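Here the UniProt record's numbering is used: the first residue of the sequence shown is 1, the next is one more, and so on.
Hints listed in this document are in silico derivations from the structure and should not be mistaken for laboratory results.
Do not take every clue at face value.
Straight-line distance between alpha carbons at most 16 Å, and here's what the computed EDC-like set of lysine to aspartate or glutamate pairs gives [claimed, not checked]: (1) K46 - E32; (2) K13 - D36; (3) K13 - D37; (4) K179 - D109; (5) K199 - E5; (6) K217 - D94.
For clarity, every value in this text was computed on a predicted model and none was experimentally measured.
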Amino acid sequence: MQMSEKLVLALPKGRILGEVMPLVNKAGIIPEAAFDDPKSRQLEFKTNIDNLTIIRVRAFDAATFVAFGAAQIGVVGNDVLQEFGYDDLYAPLDLNIGHCRLSLAMPVDADEVDPKEWSHIRVATKYPNLTRCYYASRGVQAECIKLNGAMELAPSLGLCNRIVDLVSTGSTLKANNLKEVEVLTDITSRLVISRPAFKTRPKEINYWIDRFKEALKDA
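Please model the complete structure; the sequences and the hints are all you need to start from.
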């Protein structure tokens with residue numbers, strides 16, 4: 001399909017990239033060789049589709065690039081969608097990849113008390129908005145300490161007694177003497193669209209939505 005304007009697909013780095021690329025390829029998108037070269041410092045990659053390029057960015061940034069129109073299509077976890085709540089993101093398709101959960105965890109020897117007895121707590125997390133909403137629904141004011149990694153160190157070093165973080169197998173929690181207390185939300189990755197792009201370029205955007213739907217059928 002020929003496109004008159006540049007179309008940018010934002011993909012997340014890390015584990016999800018390995019899961020999403022088979023779908024991207026089945027949708028008919030093949031990136032240039034540099035995309036698979038670990039020594040390459042490129043950030044944007046040409047593909048076999050005229051005017052369609054791929055950017056490889058952090059998971060949180062993929063949502064931002066699409067929400068602000070720098071990319072028109074992206075792959076984003078619904079944890080990120082809920083955390084930021086961008087109005088200009090439309091998520092038409094669950095890609096059924098990136099399965100994990102966002103959970104509250106504490107030291108294994110800590111006792112969770114009735115939320116009615118709490119007045120104020122401190123939580124380390126990469127998801128302050130989701131965490132505040134979780135506790136607010138229980139009538140508790142949460143002080144969220146924003147960390148971007150090594151969340152499991154927070155309790156052992158006395159920063160706080162609770163963390164909210166992504167959990168897949170739970171092995172990292174166990175290795176750091178932590179236990180999963182409650183799941184805030186289950187997570188999968190979604191195909192996301194820039195709403196302004198969807199309004200101005202509906203034919204192109206719908207074409208790629210349909211291509212990813214077909215790719216999912218063959219997955």
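Hint check:
1. K46 - E32: This hinted pair holds, its Cα atoms lying about 6 Å apart.
2. K13 - D36: Status holds; Cα separation ~12 Å.
3. K13 - D37: 14 Å, holds
4. K179 - D109: 9 Å, holds
5. K199 - E5: OK: K199 and E5 at ~14 Å, within 16 Å.
6. K217 - D94: This hinted pair holds, its Cα atoms lying about 12 Å apart.
Of the hints listed earlier, there is not a single one the structure fails to meet.
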